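There are 2 protein chains.
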Amino acid sequence: MSKSVCLLSGGMDSAVSLAIAKSEGSQVYPLTFRYGQKNSLELDCAKDLVRRFGIRDHKIFEIDLRQIGCSALTDDFDVPVDKSLEEITGGKEIPVTYVPARNTIFLSVALGYAEVMGADNIFLGVNHLDSSGYPDCRPEYIKRFQALCDVATKKTVEGEPIKIRAPLLYMTKTDIIRRGMELDVPFELTWSCYESKEKACGRCDSCILRLAGFEEAGLKDPILYEK
Amino acid sequence: MSKSVCLLSGGMDSAVSLAIAKSEGSQVYPLTFRYGQKNSLELDCAKDLVRRFGIRDHKIFEIDLRQIGCSALTDDFDVPVDKSLEEITGGKEIPVTYVPARNTIFLSVALGYAEVMGADNIFLGVNHLDSSGYPDCRPEYIKRFQALCDVATKKTVEGEPIKIRAPLLYMTKTDIIRRGMELDVPFELTWSCYESKEKACGRCDSCILRLAGFEEAGLKDPILYEK
Chain A
1 MSKSVCLLSG GMDSAVSLAI AKSEGSQVYP LTFRYGQKNS LELDCAKDLV RRFGIRDHKI
61 FEIDLRQIGC SALTDDFDVP VDKSLEEITG GKEIPVTYVP ARNTIFLSVA LGYAEVMGAD
121 NIFLGVNHLD SSGYPDCRPE YIKRFQALCD VATKKTVEGE PIKIRAPLLY MTKTDIIRRG
181 MELDVPFELT WSCYESKEKA CGRCDSCILR LAGFEEAGLK DPILYEK
Chain B
1 MSKSVCLLSG GMDSAVSLAI AKSEGSQVYP LTFRYGQKNS LELDCAKDLV RRFGIRDHKI
61 FEIDLRQIGC SALTDDFDVP VDKSLEEITG GKEIPVTYVP ARNTIFLSVA LGYAEVMGAD
121 NIFLGVNHLD SSGYPDCRPE YIKRFQALCD VATKKTVEGE PIKIRAPLLY MTKTDIIRRG
181 MELDVPFELT WSCYESKEKA CGRCDSCILR LAGFEEAGLK DPILYEK
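If you read the sequences in order, they're chains A and B.
Here this note's numbering is used: the first residue of the first sequence is 1, the next is one more, and so on.
Here this note's numbering is used: the first residue of the second sequence is 1, the next is one more, and so on.
Don't read these hints as lab results, they were simulated from the structure.
Remember, it's a predicted structure, so these values are computed and weren't measured experimentally.
Be a bit skeptical, because a hint or two may be false.
Using 27 Å as the maximum straight-line C-alpha spacing, the simulated DSSO-like pairs for lysine-lysine come out as follows [as the list claims (entries may be wrong)]:
id: 1; chain 1: B; residue 1: Lys38; chain 2: A; residue 2: Lys163
id: 2; chain 1: B; residue 1: Lys59; chain 2: A; residue 2: Lys38
id: 3; chain 1: B; residue 1: Lys163; chain 2: B; residue 2: Lys38
id: 4; chain 1: A; residue 1: Lys163; chain 2: B; residue 2: Lys163
id: 5; chain 1: A; residue 1: Lys59; chain 2: B; residue 2: Lys143
id: 6; chain 1: A; residue 1: Lys38; chain 2: A; residue 2: Lys143
id: 7; chain 1: B; residue 1: Lys163; chain 2: B; residue 2: Lys199
id: 8; chain 1: A; residue 1: Lys47; chain 2: A; residue 2: Lys3
id: 9; chain 1: A; residue 1: Lys199; chain 2: A; residue 2: Lys3
id: 10; chain 1: A; residue 1: Lys143; chain 2: B; residue 2: Lys199
id: 11; chain 1: B; residue 1: Lys59; chain 2: A; residue 2: Lys143
id: 12; chain 1: A; residue 1: Lys199; chain 2: A; residue 2: Lys227
id: 13; chain 1: B; residue 1: Lys163; chain 2: B; residue 2: Lys22
Non-contacting residues of chain B with respect to chain A, defined by C-beta distances greater than 10 Å in every case (computed) [to be verified]:
id: 14; residue: Gly69
id: 15; residue: Ile105
id: 16; residue: Leu148
id: 17; residue: Glu188
Even for Gly, the Cβ is constructed at its ideal location relative to N, Cα and C.
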């Protein structure tokens with residue numbers, strides 16, 4: 001039986017990615033980061049998902065990325081997360097919610113954890129097509145992280161390299177929702193909104209992508225929205 | 001003036017690597033990790049080195065790698081660090097002091113920090129020739145981390161990629177000591193021993209490499225040894 005460390009944020013994509021790992025018969029080890037995110041609801045969702053999936057080992061790794069700062073998702077200064085980067089900084093391609101090197105840091109920790117657990121795979125829910133334009137969600141990025149893994153750890157000396165699996169990379173949000181439905185992913189326990197309130201805002205990039213995905217799939221999003 | 005984030009452990013190699021960055025006229029930003037290492041002397045040395053070099057900004061980043069465990073350098077179970085992996089686990093190439101994915105994790109955080117600081121380079125003191133056989137100290141590893149950086153961050157969209165600089169990669173310990181002497185590196189403020197005591201043990205891998213380096217350079221190591 002293969003073993004897979006699965007990055008699980010509490011969002012929709014990582015939940016589907018974990019469900020795919022499970023559906024392949026892999027023993028899954030969810031890994032969630034408490035990185036100083038303002039959005040604590042996400043973490044609660046990750047815990048609820050793990051319980052619902054009937055998984056025992058849930059590693060919640062503490063790493064306070066506010067130590068290096070500079071993102072609307074972690075910093076204490078109040079940047080409105082529903083504004084685009086263009087509005088706020090005059091920049092063009094990368095949203096203000098980009099956390100510097102976040103996926104690289106998370107994957108590195110996952111690599112160490114996978115090595116310690118003797119895992120074969122690291123699953124993550126990055127998604128290129130409907131992503132918000134983060135540089136570390138692109139296919140070339142994943143390819144190069146794999147190339148790094150191939151030489152980075154003890155396992156590469158003793159056996160097979162750990163495989164980076166990003167099953168949602170080329171899927172649309174609609175595809176992801178449909179695949180999740182097939183796999184009985186409890187979408188009501190996932191959280192996508194950048195805000196941490198009782199109801200999702202329905203206005204931030206993340207909410208807009210999610211709502212459009214459900215609409216296109218012809219399904220109703222089970223979580224509550226403000227509007 | 002270029003800016004360089006410099007990984008600084010408090011050991012000899014990273015001190016020389018930082019001195020090289022300074023000698024190139026770069027503005028340096030030392031970055032030290034409190035990662036749950038048993039050896040706290042190393043951290044004190046890093047602080048003393050920064051003071052001696054007359055640098056103001058010293059980022060000490062907290063990330064407790066004991067959360068993923070499994071190294072004689074961090075774990076609480078008492079593995080003798082002067083024993084080779086072969087003696088302890090029957091393995092062959094990688095010493096018991098190897099911390100899973102440590103350099104990958106440290107470089108990832110450095111990448112995020114460099115991006116936030118607008119730095120051009122990340123300097124690190126890895127050294128292939130006289131290293132202890134860690135997989136993440138090899139030239140191919142550095143090359144692949146650079147390839148990752150080239151696509152990983154916001155800076156790659158807006159300007160030049162951040163450069164990974166490992167100036168000691170192909171140097172022997174003796175070369176490193178000579179270069180450090182030329183650059184007035186205060187070796188008396190560096191610590192290499194895996195143990196954290198008043199005097200270095202003189203027996204662990206790290207002490208043995210250091211002592212041999214000084215001997216070959218025809219110099220006296222200014223720190224105190226037990227034997």
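Status of the hints after comparison with the structure:
The hinted pair formed by B/Lys38 and A/Lys163 fails the criterion: a straight-line CA distance of about 31 Å is larger than 27 Å. Of the supplied pair hints, the one linking B/Lys59 and A/Lys38 holds, its CA atoms being roughly 22 Å apart against a limit of 27 Å. This hinted pair does not check out: B/Lys163 and B/Lys38 have alpha carbons roughly 31 Å apart, beyond 27 Å. Of the supplied pair hints, the one linking A/Lys163 and B/Lys163 holds, its CA atoms being roughly 26 Å apart against a limit of 27 Å.
Restraint check for A/Lys59 and B/Lys143: the C-alpha separation of about 31 Å exceeds 27 Å, so the hint is violated. Distance check on the hinted pair: A/Lys38 and A/Lys143 sit about 30 Å apart at the alpha-carbon level, beyond 27 Å; violated. Distance hint between B/Lys163 and B/Lys199 is unfulfilled; the C-alpha atoms sit about 37 Å from each other, more than 27 Å. For the proposed pair A/Lys47 and A/Lys3, the alpha carbon gap of about 20 Å is at most 27 Å, so the pair holds.
Distance hint between A/Lys199 and A/Lys3 is unfulfilled; the C-alpha atoms sit about 35 Å from each other, more than 27 Å. With a CA separation close to 46 Å, the supplied pair A/Lys143 and B/Lys199 exceeds the 27 Å bound. Only pairs whose Cα atoms come within 27 Å are accepted, and B/Lys59 paired with A/Lys143 is rejected, the gap being roughly 31 Å. With a C-alpha separation of about 9 Å, the suggested pair A/Lys199 and A/Lys227 falls inside the 27 Å cut-off, and the hint holds.
In summary, the hint linking B/Lys163 to B/Lys22 is supported, as the alpha carbons are separated by about 16 Å, within the 27 Å threshold. A Cβ of chain A approaches the Cβ of B/Gly69 within 10 Å, the least distance being about 6 Å, so the stated non-interface status is violated. Its beta-carbon lying about 4 Å from the closest one in chain A, B/Ile105 breaks the requirement of being farther than 10 Å from that chain. Distance check for B/Leu148 against chain A: the nearest CB is about 4 Å away, which does not clear 10 Å, and the non-interface claim fails.
For B/Glu188, the requirement that its beta carbon stay farther than 10 Å from each beta carbon of chain A is met, with the minimum near 30 Å.
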